[in-house]
Amino acid sequence: MRAEPGEPLRARARVLENRREGPSHLRLRLAVPGFGGFSPGQFAMLSPGPLTPSRDPLLPRPMAIYRCEGEGAPDPVVEILYKVHGRGTAALAAAREGEVLGLVGPLGRGFPLPAEGEGAILVGGGTGIASLLELARRAAARGPVEVLLGARAESELMGLGDFEALDLALHVATEDGSRGRRGRVTALLPDALARAPGAAVYACGPTPMMRVAAERAAAAGRPVRASLENPMACGFGVCLGCAAPLRGGGFALVCRDGPVFDAAAVDWDRMA
Amino acid sequence: MRAEPGEPLRARARVLENRREGPSHLRLRLAVPGFGGFSPGQFAMLSPGPLTPSRDPLLPRPMAIYRCEGEGAPDPVVEILYKVHGRGTAALAAAREGEVLGLVGPLGRGFPLPAEGEGAILVGGGTGIASLLELARRAAARGPVEVLLGARAESELMGLGDFEALDLALHVATEDGSRGRRGRVTALLPDALARAPGAAVYACGPTPMMRVAAERAAAAGRPVRASLENPMACGFGVCLGCAAPLRGGGFALVCRDGPVFDAAAVDWDRMA
Amino acid sequence: MSSPPDLAVDLGGIALRNPVLTASGTFGYGTELAPWIDLRRIGGIVSKSLTLRPRHGNLPRRIAETPAGMLNAIGLENVGVDAFLEEKLPALPDGVPVIASLFGTEIGEYRAVAERLSECDRVAGLEINASCPHVKAGGIEFGQDPGHLARLVREVRRATRLPLLVKLSPNVTDIARMAQVCEGEGADAIALINTLQALDVDVETRRPVLRNVLGGLSGPAIRPVALRMVFQAARAVSIPVCGIGGIETGEDAVKFLLCGATAVQVGTANYLDPAAALRVVEGIAEYCRRAGVASVRELVGGIELPAG
Amino acid sequence: MSSPPDLAVDLGGIALRNPVLTASGTFGYGTELAPWIDLRRIGGIVSKSLTLRPRHGNLPRRIAETPAGMLNAIGLENVGVDAFLEEKLPALPDGVPVIASLFGTEIGEYRAVAERLSECDRVAGLEINASCPHVKAGGIEFGQDPGHLARLVREVRRATRLPLLVKLSPNVTDIARMAQVCEGEGADAIALINTLQALDVDVETRRPVLRNVLGGLSGPAIRPVALRMVFQAARAVSIPVCGIGGIETGEDAVKFLLCGATAVQVGTANYLDPAAALRVVEGIAEYCRRAGVASVRELVGGIELPAG
Ligand SMILES: Cc1cc2nc3c(=O)[nH]c(=O)nc-3n(C[C@H](O)[C@H](O)[C@H](O)COP(=O)(O)OP(=O)(O)OC[C@H]3O[C@@H](n4cnc5c(N)ncnc54)[C@H](O)[C@@H]3O)c2cc1C
Ligand SMILES: Cc1cc2nc3c(=O)[nH]c(=O)nc-3n(C[C@H](O)[C@H](O)[C@H](O)COP(=O)(O)OP(=O)(O)OC[C@H]3O[C@@H](n4cnc5c(N)ncnc54)[C@H](O)[C@@H]3O)c2cc1C
Ligand SMILES: Cc1cc2nc3c(=O)[nH]c(=O)nc-3n(C[C@H](O)[C@H](O)[C@H](O)COP(=O)(O)O)c2cc1C
Ligand SMILES: Cc1cc2nc3c(=O)[nH]c(=O)nc-3n(C[C@H](O)[C@H](O)[C@H](O)COP(=O)(O)O)c2cc1C
Ligand code: FES
Ligand code: FES
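Which chain is which? The protein sequence lines are E, A, U and B, in order.
For what it's worth, the numbering used here labels the leading residue of the first sequence as 1, then goes sequentially.
For what it's worth, the numbering used here labels the leading residue of the second sequence as 1001, then goes sequentially.
For what it's worth, the numbering used here labels the leading residue of the third sequence as 2001, then goes sequentially.
For what it's worth, the numbering used here labels the leading residue of the fourth sequence as 3001, then goes sequentially.
Chain E with its partners taken away, still in its complex shape (with noise of 0.2 Å):
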């Protein structure tokens, strides 16, 4: 079986590696037959454990496809870079190599690339810095990428090496000042909106830093893609779980309709 590209699979994903890269993140190398490829900013439904039916824990998790290679090949790798929170990411620690690991996607909708000749600012925090490798990698072939980075302690950021390797220009800030400047990453923003005012702007990470990053954004007149991190049960559209609500009322679902919304039509007094 070999889906088109972005079609989604329900696939046993077996594990080809799964390493610990900091204090509390790991990153996980899945072997995954006939993966099509995805967008940025699309997620997987992982359910961890070897143990099936599931159980312990119930629900599958949400995490951002970080970058797949060999897409299209016969037998494409899916990588995920995930930090170990609660029940379910410690039990997806767990996982050896061999072990065999449920995965349904691509899901959801992508970033919308910055148009042709068109910069990008990428503000990534915490899990979220793992949406923004993919976009980062191909919003450079469009144009100039300014990539802002931001978590606890220098240790946290996943996935930094990759980025360096990526040809962009990286800012950091931790809260510990271990790397770059001290404090949140959306201090970084006011600077980099201003070196770049044409650039299209994206955010990934907990809501309070999207909800601030959108309202410093939003002050310099410019809109920002945000990818919503709700917790879901089922990743395609039917438990209703994942609702966001809208500024104009009513909601829509992050799993279906985003995770990436503007972040301008998210009522975000309102985010659980």
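Note that these hints are calculated values from the structure, not bench results.
As the structure is a computational prediction, the values presented were derived from the model and not from experiment.
Subject to a maximum C-alpha distance of 25 Å in a straight line, what follows is the list of computed DMTMM-like cross-link-like pairs (lysine to aspartate or glutamate):
(1) 1083(A) to 1162(A)
(2) 83(E) to 1099(A)
(3) 83(E) to 2202(U)
(4) 83(E) to 17(E)
(5) 83(E) to 2204(U)
(6) 1083(A) to 3202(B)
If the Cβ cut is set under 7 Å, some of the chain U residues that face chain B in the computed set are:
(7) 2172
(8) 2199
(9) 2221
(10) 2225
(11) 2227
(12) 2302
(13) 2304
A virtual CB, placed ideally from N, CA and C, is assigned to each residue, including glycine.
Since the structure of chain E is provided, determine the placement of chains A, U and B with the ligands on it from the hints.
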């Protein structure tokens, strides 16, 4: 902390080895600091799975203590021989070297050893074999021992090599005839009873097997000590889940009053 | 036993090719899962509960995980009966039985939704959601009070000739009595259980995990309660029963059939695996083959009780 | 926050050094777990439910595992009130509050057991088990019908001056009403929940897994239901509430306190770890330290509900 011989511990048991020995059984070697030894026939409650609090499966599983190396030493090794049956034993089979399991034990009352100079006949079927090795070893120090072991096929005869290494008479029956007599282990009993008229008789295995063994021995006027394998939740006498009906009416708790009983006292008709 | 087992059942006048439906609120309007599951291979679909007008539902957080289960308080977000009939239903492949679930905040709304749905011959049957524990007006009273439930079923019965299922709330003292009430008012089948009313708290914020405070518990955790209630309801009525609650595998479904269910619905398991309902169908067939069962109907109510 | 948190609570007249008791039927008569747990470090013990004469209980199979839970139908096997008073109670260390749980197949038996227990000053309080779902005579009606429950509590109240807890069945439509009934009849506290009535089936034998057919579901699976019921009951009465259901950790216990429980009982978790109750005590203390809570009593009912 160091337990008196037989005093039950609540311990974190570290997996030293968890090796497949047949198509469906494994040998688990655990480092159990402070383990003070056990009587043959005693068991432990093992909680599989690395997550705490454990949930899948929820309850610990009763397992006979197969043997113990370095009893009384600072870091004794407890050995368990087990068959993968359902969810709990499958989780146990997934435990890797270095993982920590919960262990409560030794629990219950083991087999009364034969008197000095008295012989013994041991009848073991299926997982029941694991309760008998240490008994065989200790009984052999007191008098002649005959061990009768049965399983579906040779490959399912747990611990066969360990019994062969002891200096005793070993007779085997398999249902497919792949080793020893074709048929059930209880078919070996009449001859053994005839050969060893003064020997004490012990049995451990599936309920129907023990029942038949008890009936055959009773027909020859010989009592049998049977070790029951009832489902258990606690292992230490508080859930009352393991009750075995007694012939005179009422129940005994397999975990506390047993698992070893005089087979004539058990009301086999009313066993689950 | 060389011919494949016969899986067909009749659920109160709805002919199903096999006894596995998808539960309301866990399968959207059926089209969402098309990438992963051939809808013509499952017994049918129960729609998200429909109201007269579209509903937005509750503020987040709407879902949370619990041991072997999940909590939800979606708040009955749905597209409304009109959009369902005009947009959702036509998008489904022919030959897939669709049962429309309906909900109202008062009996008049239930009636009106039932009437609208009955005009469409693509709808195979109706399921009254008498049991939503997290909408403050409506649901809870209908499902928990025998008198209200009777009135509700009576009124909806008058409004439709379609096969009528009533889905019961498990949050009651006497489930058998509720089932009898429905049978007495002319329901064609009973479906149970909906979610158990429940609550979880975040000890860091000291707030309920769900914004709605209370939610409904579903998933494997509730399966033993669901089996008990299906067992009790099935012995209390002679109309068919549809079993729901924590079904993940064919063997789980067989347990419900043995307890007296004619069909089952798969809910939360769809989230874990979008092909879960199909796996349940295959699991039932495999069980029948293994156990030498020629027709799945032989299993219905086949539990053997100990003597005495 | 350098001084250790104050964990003491008063449960309807019973002074507890901390709010963690062990639940009836899950801790025997207290002595069985002495090898692993210092009883003087937990709040107290609730005994196995006692009847007037010793009871043998049900034939096996009596227990089974379910997703994140277990089923039991022990059948109230117990040594009887006399053996409890003469053999079990004296074997417990001083200073450990012991609440005696009592059960009867009719109200007269409850009264008689309560009277016998009240003669002994080693008994700190009584807990009426009004809620055993698997004894066919007795329990189920008392616990599920407000009128019966009122009569039961009234009669036992007359028979004792000891602090009186009533343990409620969760298998009811309106738990708040049942709590109010108990308060109205003079109970000093409410304990909830007992097990959810449930069933499991063995698809190979087609028999119920438990010989008794029905059993009671306990363990983490039921925790969200227990939290909801404690929340509802605590808001309906002004006497204290003791929360029970799936508690494994200090944080689980804190959830119950926030929902309005003054104390909690640890049940099934004792089977997984004989020191579970002590771990819960330590976990509560740790939570208080971390959250800057000087007295555990500050947490009781402290859940913050969203505005509107
Ligand atoms: C579209 C999307 C993409 C994501 N991509 C990544 C990624 O690439 N790398 C990464 O490390 N994390 C990512 N996350 C967050 C990740 O899903 C959560 O950290 C994870 O679900 C936490 O599970 P847990 O069991 O460890 O934590 P627990 O706290 O035990 O989770 C309990 C429940 O809360 C939900 N939950 C808790 N936190 C979050 C959260 N932040 N987002 C969503 N659900 C949550 C879980 O799904 C679960 O149902 C993404 C989330 C979304 C929605
Ligand atoms: C005193 C005693 C000693 C034992 N010693 C050994 C041993 O040394 N090696 C070994 O392989 N097995 C032994 N067993 C049997 C072993 O405990 C079961 O095979 C195991 O519990 C099955 O768990 P499961 O999750 O794999 O199976 P499942 O079928 O998933 O178990 C479901 C439930 O049934 C219970 N259960 C099922 N079968 C049995 C059984 N035969 N005995 C007890 N409980 C059961 C489980 O504890 C669990 O609660 C012993 C049992 C007892 C009581
Ligand atoms: C997120 C969610 C939404 C649900 N929405 C509905 C609904 O709209 N109408 C309804 O009758 N039941 C609804 N249910 C209940 C399910 O249909 C089903 O009765 C219940 O979840 C138990 O089955 P399960 O354990 O297989 O999920 C919903 C359940 C969940 C988890
Ligand atoms: C095996 C078993 C036996 C029980 N026996 C009693 C009993 O005798 N009296 C009683 O009031 N509750 C009894 N219970 C119920 C528990 O006290 C408790 O209310 C219930 O198990 C829920 O708590 P848990 O989830 O922490 O176990 C028993 C529970 C179990 C599991
Ligand atoms: S996660 Fe289920 S609808 Fe979005
Ligand atoms: S296993 Fe709990 S009393 Fe025996």
